[in-house]
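Keeping the supplied structure of chain A fixed, place chains B and C upon it in accordance with the hints.
Single-letter residue listing:
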Amino acid sequence: MKKTIFIDGMAVAFDGEKTVLQIARENGIYIPTLCYHPKLGPAGMCRVCVVEVDGMRALQTSCSLMATDGMRIQTASPGVIEARKMVVNLLLANGNHDCLSCEVNGDCELQDAAYHLGIERPAFLVEEQAERDTSAAFIMRDPNKCILCGRCIEGCNRMVVNEVLDFGLRGGHTKVICDADVPMGQSTCVQCGECVQLCPVGALIDKKGIGQARAWEVEKVRTTCPYCGVGCQLELHVKGDQIIRVTGIDGAQPNQGHLCVKGRYGYDFIYSDDRLTTPLIREADGFREATWDEALDLVADKFSQIIAESGPDAIAGVSCARSTNEDSYNMQKLMRGVIGTNNIDHCART
Amino acid sequence: MTNSFSEFEKAKLFFLIGTNMTEAHPVASYFVKRAVLKGATLIVADPRKHALARKADIFAQLKVGSDVAFLNGIMYVLITEDLYDKAFVEANCVDFDDLKAKVMEYPPERASEISGVPVETIREIARTMASIKPGMLCYTLGITEHTCGKNNVMSVANLQMLLGNMGVESGGVNPLRGQNNVQGACDMGALPGTYPGYQSVTNPESNAKFAEAWGVDSLPDKFGLMIPDMMAGLATGKVRGFYIFGENLANSEPNIAHVEHELASAEFIVCNDIFPTETTRFAHVILPSAAWCEDDGTYTNSERRVNRVRKIKDAPGQAKPNWWIFKEIARRMGQEWPSNSPQEIWDNEVSMLVPAYAGIKYARIEQDGLQWPCPSIDHPGTKFLHKDGKFARGQGLFKGIEWTPPAEVEDEEYPFVLSTGRRLFHYHTRTQTMRAGLDQILPEETADISPVDATRLDIADSETIKVSSRRGSVKVKARVTDQIPAGLVWMAFHFRDGNANWLTNNVFDPDTKTAEYKACAVKIEKIV
Amino acid sequence: MREGNQENVESIIEKYPKKESAALPVMQLIQEENGNQLDAAGVEEAARALGMSKSRIYGIATYYTMFNTRPVGKYHLQVDTCVPGFLHGADEIVKHLEQTLGISVGETTADDLFTLSTVQDLASCATGPVIQVNDRYFENMTIEKTDELIEALRQGKEPDNDTSMTVVSECGILLNDRTQADCRTLDFYKRNGGYQALAKALSMQPADIVNEVKDAQIRGRGGAGFPAGAKWSFLPKDDPRPVYLICNADEGEPGTFKDRQIMEFNPHLVIEGIAISAYAIGAAQAFIYIRGEFTWIADILEAAIEAAKADGQLDHVDIIVHRGAGSYVCGEETALIESIEGKRGNPRSKPPFPANIGLYGCPTVVNNVETLASVPYIVRHGAETFKQIGIPNNYGPKIFGVSGHVNTPGVFEYPLGTPLKTILDAAGGVKGKMKGVIVGGLSVPILTAAEAEGLSLDYDSCQKAGTSLGSGGIIVVNDSVSIPELALRTIEFYHHESCGQCVPCREGSLVVESKLRALVEGRGTREDIDLVLQLCGTIRGLTLCPTGEAFSMPIQAMVTKFRPEFEALIQQ
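Chains as they are written, first to last, in numbering that gives the first Met the number 0: chain A, 0 to 349; chain B, 0 to 527; chain C, 0 to 571.
Bound conformation, chain A alone (with noise of 0.2 Å):
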């Protein structure tokens, strides 16, 4: 059945179960939102997203508010505004919010947040410094820069259970911790990253990819990763030639936006300086380098003089498990319709 909620005095068709801000998402209406997401649902915490609601007291959280038929909304009363700037400005008060040099300038959620309130800078300052954990191989952690939206949190112990993080102490002391509160690089953490694609601030952040590029330079290339048979779907973060980061690509079949360390961190072998990049050709003390056509010339000739001395059953090749489908389409074509054999086979065991 179709119901029907007010959105600033719009009128909003809408069925199922939905809560007010999935409704206001799918219809185009900006309502921030820092500890929220679509992957983990509502947790209430930031209270960001605040909304007015006729006939209610308080104000509502919209990620977790359900929407009934003939509900009458706010988003932007000044009490909503009040209250949001509020927020935004008490994340900024504390840590350090510096978007220049951020990682996430630009891809940040907080500072979509403080834009669209018109926040320049913090209203107030409390100072307060902790260290940056540099200890892992491929996460940096900033807690300057935590909001304690705690998604990554969710994200660990709920997305991929590797229950590594946690909320740590309480109050205006509260952080995220590894363990028992010990550097990431010296905890059980393996290093997937669910946590940094979960992170709505420059909080936790790719290493590979500091200084690399910013946000807005990026494109994004959908892929299939190149490790094992679960085949994840990557999203390639692309600027030139060079993958500056990957993500997971939230719903996604089969994977639904998780990887492991391999998938999100292991791609730049494609970089490497040991790259094999001209043919090869044996001689008595090694390899020389050849041309193409010298070099195909070659491997077609040998073939040819193989079957004509022995038969094509004489020659036998092995497939790629890693490489494409159509790759090994084509070279069990060539076995069988060129060479005239079925030695083909791959590791289809391994």
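Hint data in this document are derived by calculation from the structure and do not stem from the laboratory. Certain hints may be false.
Derived Cβ-Cβ restraints for the label pairs, each shown as a range [as the list claims (entries may be wrong)]: (1) A/56 with C/452: 40 to 46 Å; (2) A/56 with C/240: 41 to 47 Å; (3) A/216 with C/105: 45 to 51 Å; (4) B/485 with C/302: 44 to 50 Å; (5) B/463 with A/212: 19 to 25 Å; (6) B/53 with C/462: 52 to 58 Å; (7) C/521 with A/130: 29 to 35 Å; (8) A/53 with C/50: 54 to 60 Å; (9) B/38 with A/212: 41 to 47 Å; (10) A/296 with B/204: 35 to 41 Å.
Cβ atoms here follow ideal geometry from the backbone N, Cα and C, with glycine treated the same way.
What follows is chains B and C alone, placed relative to chain A:
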């Protein structure tokens, strides 16, 4: 996999045997753990008490290579206690009597004696699996990498058919494929007996169909050689030309010394690769390939999903896409192939020649890939196979399976069992991961041993020890961990130094020719 | 696992419907066995025993103040410096201890004998100053008695605790005659009519009991004043899930120390109340969530439960005494539920309400000790008799605790609607000249002496006067007190106790505290005063749980009503 990853989270029961997903298929393990958080029952059978075993409701720490006996023991309980799915078996399966006759030779007491799993645990597993339906069975190479690998696979299939767990959502037999496109390479006919789409080379119709499609007069109609026989042929001269595409056989095949002898004997080896490897040392011609991100194409994952990979940059130097290299060799040997891009190869050849791919075209897999069978352009793909108990061959075939021990078992001289596999932080022979910074986390190979054996042999954690088999020996650091039971040594094959394959046994399943990576006999010695 | 711990740990785990609920008691046990410290090895031990992650255990250990993740001395001296303690001279005790021991707060003596800490509210408001030594209280402390205590501890002795205060019970329903040596016993309780209400209840239909309680219109005594009968009737009907009853004994609002009077001296009244209520709502499992500091009271309750069980009174319900571990917020019902579930005491977002999704996701009722202790009377004598006590819409007896500047602080059981003056007179009258009074625990707005004139102590009158009856913890402040200092002390408590989950409370309390501190220290500006008011105004109603309101309203009241005192602190 008969079923899909998207069904994991909804599963009510998992039976994981010979699979350590946390390390080998991390993302799949997330879904298992999430299902467990939501209340799914988890049964793990493995020689190692790995991370998922610690989360298991029931953990069966079976001896390496005892799977058939263990599974027969479970089926004995299901049959004798009348717990199996009679309706499913009667409607959809044949040869139940053959299975029953064999299974009756494995009462839990005998299964327990062979597998080391307590009788009560065997009974509990059977009763639990019978009481929670459907159950999803997953396995990996712990099942296949044995001389009895094929029998192991048939045993897990027997179990799931007996329970009626086939053809249903969140059920099925689910081998998780080790490599990104091992499923695709099989599907594409990089196998000695089948054309793309498992169309047999011995079937005259298929043979004629591909000959016509490829514009050739005839195609060979006999099974070809599998890798071990190819390698053996190199040493005898029966195989003179050997084309190795992207595989590092010198590190990944069992018994490295023997493998290198075979490679060194070859008359002519061609390698396509992206890096110089231990294997390219033996090549006569090395052809530089485009890598991941340097070519378009598709991979097919474990759940039969054809996914796109995309090019973001050119290959370095003169490196070329592999399909182009094969096409060029074909041209030089007298054949002009029409397709001139991965998309043309797929859309115009593969998808036209394989009925199960008829509905899969590049235009349809821009976002999520499609799962075969996908026979028509409006077909949504197939999430799980054998729906309503309809098996590809008509009826599910039961077969009684006899347990056989590994080819080499521990003895006085080599008193430990060595089992091998992959670790989370590296991949295979490390050609990629060592060049992507993963060495920071895992810089060298280790031999994992139990605290009991470490104490007994006075070996400290991280102490360098010597591990030897009849085929070779390595010096490697010991990693003392309670994941490992006494009597077991566990190693991987990521590093040249300390590679398990200096030790592994080059014996193979007689049908599938899969090597027995999971079991051989070794000794460990303190270095004084 | 250390020798012998294994079995104890397993028996704790077995007690609970879910293993995770054993987190706090198991961690408490490990800490106790390890010299009052939960070190890294202890965290790992607990994680393994409970099947939880190390971060979750460490997160719990550092959330609750009673876990020591760092080493402490043999005697951990904890002085309550929260508002009532402050008014009773706790700061002087701290200064004296610093001098005597030669250490500052937070430090341990070189001989590892003493660690000195200040703590927030030990619910000994009328008997302050109070020093908690490990898990024992020493109340009514003076400089001299502090010296004696230190000397005794040095000699390995523990002196007796002086718990004396004024106790007056006009109603005689909730407070019993504690001068009787056997006042806690089953025998004493039954001699005075105990468990007759339970017997009557068990012969009634549960729905009839619910109706009786509804008819009595008893309002929840924890602070919110919500009708208890209505709360019960929110439970879903014909639901297959188990129902849980939780007795909220996490008395933690500064100024409040009433529930402990019932539990410590009249434990069977609470147990009978629980037994009747559990039967009425269909709960087979009940919990008493008692604040962790009340170790001896928890022991008293456990002994009383054993006695009642042996007497056949509890055949229909199992009662677990679950000890908290140091957190004010756990007095909020959803935080309390989280705490029983073995988590950090973070309140949940409402809805859903506990009546529908509470403990372990099941229907749950959480009632205050005093509320449940009133149930036997209602059942035994009927709603109409109960309603003869008090005034319309505010029925029944209420225990008022009076602390601060009165001559004889203590507890006073009077009908709701009793004039404030009557209670203050019973407490020996105001010491000096009254500047203001907080009538419902620290979280309600202060009233000036003029505003308090003629006030009647009931929910409606207090609301009309711009404050709240809250928990009935009355804190009297005379004119020797600086309101800005009182405000700072107040925000220090809430900032310390904020769970840290939601931004307005966590960061707001931090900013308000830093601005008030600046003012008190003479570094403040007029803008700071305005900012404090503005923040308090916006925080109110914006937080996830009532804690935001609990500090924004009293601070706002103090600043607004005594603004000249704040302005006087600004350096020109």
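Just pull the numbers of the violated hints for me, sorted ascending.
-> 1, 2, 5 and 8
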